[in-house]
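K.L.:
One letter stands for each residue in the lines below.
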Amino acid sequence: MSQNDTIISVKNVAKFYDQVPVLERVNISVERGTFCTIVGASGCGKSTFLRMLLSQELPTRGEILLDGEKLPDEPTADRGIVFQKYSVFPHLTVKGNLLLSQEFEQAPMSGKLYGNAKTIALEKIDETLEKIGLSAARDKFPSQLSGGMQQRLAIAQALLKEPKILLLDEPFGALDPGIRLDMHELLLSLWEDLNMTIFMVTHDLNEAFKLGTRMLVFDKIRHDPHAPNAFGATITYDLNIASCSQSNAQDAEMYFAKSPNSTEET
Amino acid sequence: MRIINQKPSRSLALFLGLLPFVALVVTYAIASHYRRLDNPADKLLPSIEQMMGTFYRYAFVPDRRSGDLLLLTDTIDSLLRLGAGIAIATLLALIVGIAIGFIPVVRSALAPFLASFSLIPPITVLPILFIIFGLGEVSKIALIVFGTAPIMMRSTAQAVMDIPREMIIKAETLGASVWQMLLRLVVPQTMPKLISAIRLALVPGWIFLISAEAIASTSGLGYRIFLVRRYLAMDVILPYVVWITLLAFLIDRLLLALSIKIFPWRHLEGESL
Numbered sequence: 001m002s003q004n005d006t007i008i009s010v011k012n013v014a015k016f017y018d019q020v021p022v023l024e025r026v027n028i029s030v031e032r033g034t035f036c037t038i039v040g041a042s043g044c045g046k047s048t049f050l051r052m053l054l055s056q057e058l059p060t061r062g063e064i065l066l067d068g069e070k071l072p073d074e075p076t077a078d079r080g081i082v083f084q085k086y087s088v089f090p091h092l093t094v095k096g097n098l099l100l101s102q103e104f105e106q107a108p109m110s111g112k113l114y115g116n117a118k119t120i121a122l123e124k125i126d127e128t129l130e131k132i133g134l135s136a137a138r139d140k141f142p143s144q145l146s147g148g149m150q151q152r153l154a155i156a157q158a159l160l161k162e163p164k165i166l167l168l169d170e171p172f173g174a175l176d177p178g179i180r181l182d183m184h185e186l187l188l189s190l191w192e193d194l195n196m197t198i199f200m201v202t203h204d205l206n207e208a209f210k211l212g213t214r215m216l217v218f219d220k221i222r223h224d225p226h227a228p229n230a231f232g233a234t235i236t237y238d239l240n241i242a243s244c245s246q247s248n249a250q251d252a253e254m255y256f257a258k259s260p261n262s263t264e265e266t
Numbered sequence: 001m002r003i004i005n006q007k008p009s010r011s012l013a014l015f016l017g018l019l020p021f022v023a024l025v026v027t028y029a030i031a032s033h034y035r036r037l038d039n040p041a042d043k044l045l046p047s048i049e050q051m052m053g054t055f056y057r058y059a060f061v062p063d064r065r066s067g068d069l070l071l072l073t074d075t076i077d078s079l080l081r082l083g084a085g086i087a088i089a090t091l092l093a094l095i096v097g098i099a100i101g102f103i104p105v106v107r108s109a110l111a112p113f114l115a116s117f118s119l120i121p122p123i124t125v126l127p128i129l130f131i132i133f134g135l136g137e138v139s140k141i142a143l144i145v146f147g148t149a150p151i152m153m154r155s156t157a158q159a160v161m162d163i164p165r166e167m168i169i170k171a172e173t174l175g176a177s178v179w180q181m182l183l184r185l186v187v188p189q190t191m192p193k194l195i196s197a198i199r200l201a202l203v204p205g206w207i208f209l210i211s212a213e214a215i216a217s218t219s220g221l222g223y224r225i226f227l228v229r230r231y232l233a234m235d236v237i238l239p240y241v242v243w244i245t246l247l248a249f250l251i252d253r254l255l256l257a258l259s260i261k262i263f264p265w266r267h268l269e270g271e272s273l
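Keeping their order, the protein sequence lines are chains A and B. Counting from 1, one number per residue, gives the positions in the first sequence under the numbering used here. Counting from 1, one number per residue, gives the positions in the second sequence under the numbering used here.
Calculated directly from the structure, the hints in this document are not laboratory data. A portion of the hints provided could be inaccurate.
[To be verified] Subject to a maximum C-alpha distance of 25 Å in a straight line, what follows is the list of computed PhoX-like cross-link-like pairs (lysine-lysine): (1) B:Lys-43 x A:Lys-112; (2) B:Lys-193 x A:Lys-85; (3) A:Lys-95 x B:Lys-261; (4) A:Lys-95 x A:Lys-112; (5) A:Lys-70 x A:Lys-124; (6) A:Lys-112 x B:Lys-193; (7) B:Lys-43 x A:Lys-140.
Chain B with its partners taken away, still in its complex shape:
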């Protein structure tokens, strides 16, 4: 049988899926082992046990100076910033994006501006944000908003414009006002795509969060890894990178599950008809 027609069984698929992860860990363990044979105090590739020990300390042993559980406070601070930034960007996408997509006058007024605005590399605005808002929370959240809102607004506007004209006309013939069309047709049809937009925006969202924290912060996941970089503390950095990745993965899955739960009709399409 041709390879394109060979479907792996469930257990084989699981095994194949795990394989690259296991391979990465094993490769790391071997490389680390040989480096430490040469120099038992090697900092670049610490052993997995050492990293787990450090991670445990960050997670469960209160910091000697502040008395905080560092991993917990770092995670909470970072997620609050990311959450606030993405929430504001989502709100902007809902209001501005839908207005641009649905109302031609607003589209004429704002679409060219938004198209130009979204081309500004967000990180270049960071000094401006620091000057205007200072080094506190506002400028970090503003950077995330700046980096994610324009693309979210544009994709939301596009999602509204992708609603077949026939449906809008049908709603008009059923006596709907513009407001009612927004509530019952445009927003419900756009929401699943908005959730997809959030999932995509979280990728640059994390980048801007970590960047802002690296440059000016006294807490957060990005702050921590750039702080310990000075001591070549790979035993902190590597577990933190894995932890950040895990958080990003969980948030993504959560949003997908949410979408399936709230918008079952969207996920029915194509499966059964």
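Isolated chain A, as found in the complex:
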């Protein structure tokens, strides 16, 4: 793939909280269409990294470029997000949640569509509702849905805005294993259909291997026993999963297990 297919490049990014480094020397570039999974132990900055991609937090040093331009200092519509919790609006029905991005775009003053404009907007979300299997639940409120349905709604809501990259912060962390498998299928089919670039933080190593085409492992490589907070974490492994076959994933896991500090607690 050519150089100009890079969508995200992270240049020497570091993040400090009160002078304590959390992340240091993070350098990567990610090509368009990559499904990038991010794993690492708790407190190793993987969520911090995702929040910096979102501009929810700003890097202390270094810069992040999206399509060659520096990220704005606040969350914007070019990056979609699905959180583990609070990812949909509880005061809107399924339909209302999905209509929201169109309403923001078309009604700057009222933020709400009426009449004919609403009918057209509703037609646009019909296909989405069908695809995520929520057609029958279109008039329900999120609290009347299961956790899996809520996350499906959250993903669909984010994708309707057609962001350049989709960020997922442990989106399936609170779901049952069976439901997770369904969610994996849905996510993979959406990713293939839309040719999206996805960054996904997960605790689950198997999930990271299964879904990702590229896996980033965050860990601390330098340790000073007298000053445990002296060094931050960085990307210790950057695996291209797409190039290895499924059976190679097994090898990768072995390789991964040899890392100096175990990156997975579970």
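Based on these hints, arrange chain B on the given structure of chain A.
P.N.:
Positioned in the frame of chain A, the structure of chain B alone reads:
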């Protein structure tokens, strides 16, 4: 079975709920009966029939001097004052409270001031209000606003700050402007809590209404009971107290019903998922 696991049936629950009310009335009737045995003209604990008679007169027989139905005019005057005061306080809570909760610059500017301001005992401001606004309607309404708006503004600001950050960020990534976030996210999520704040503010609201009417007024429920106090007219005061309580109760229930009707999503939470 342990008592914490014994759930009363519907009819038993109704019976148990009514019991304290019945007990109060019966106790009163007995005490009144024995006092009037000693002195048939006793004013302190008039009989229930006498109170009902007086209440009927206030409610349905035009006053000889003014020709008004006193209970009706008193109730209307008081509710108009309370309504105006609470309405202004609600508007302030919506505008100032949401601005403080949502916009950090406004919060830095106003939150410390509001926190100090809300500690002023409102009744101490009443003489100032009388001096500035005179003894008319404005000072009474101003007292209610003064007594209820600061706590309502603070609880509204807190309600806005309690909206999970994730939702605000999600709205930003869906392309919302600040104005659109206010309209579609912040106000709808805050309104149910604002209604709760109104229900709570009505308690001090009534206190300040009755106080202001007691001190300087020529009409209203508070004016009436403090007027007839001079004649020890317990047969007027007690029914008026019950009437005021009933009004307060009905307004509270009305607001709750309104909240359930307009914000069904808020009342779904916790029940079924």
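K.L.:
A:Lys-95 and A:Lys-112: Cα distance at most 25 Å?
P.N.:
Holds. A:Lys-95 to A:Lys-112 sits at ~13 Å (cutoff 25 Å).
K.L.:
Please verify whether A:Lys-95 and B:Lys-261 have alpha carbons no more than 25 Å apart.
P.N.:
holds (19 Å)
K.L.:
Would the hint linking A:Lys-112 and B:Lys-193 be met if the CA-CA limit is 25 Å?
P.N.:
Holds, at roughly 22 Å.
K.L.:
Given the hint that A:Lys-70 pairs with A:Lys-124, test it: the Cα-Cα distance must not exceed 25 Å.
P.N.:
Violated. A:Lys-70 to A:Lys-124 sits at ~32 Å, over the 25 Å cutoff.
K.L.:
Within 25 Å, alpha carbon to alpha carbon, are B:Lys-193 and A:Lys-85?
P.N.:
Judged against 25 Å, a Cα distance of about 21 Å means the pair holds.
K.L.:
For the pair supplied as a hint, B:Lys-43 and A:Lys-140, is the alpha-carbon distance within the 25 Å limit?
P.N.:
At roughly 60 Å apart (the allowed maximum being 25 Å), A:Lys-140 and B:Lys-43 break the hint.
K.L.:
With a cut-off of 25 Å on the C-alpha distance, tell me whether B:Lys-43 and A:Lys-112 pass.
P.N.:
violated (63 Å)
In summary, the structure is inconsistent with hints 1, 5, 7 from the numbered list given earlier, while agreeing with the others.
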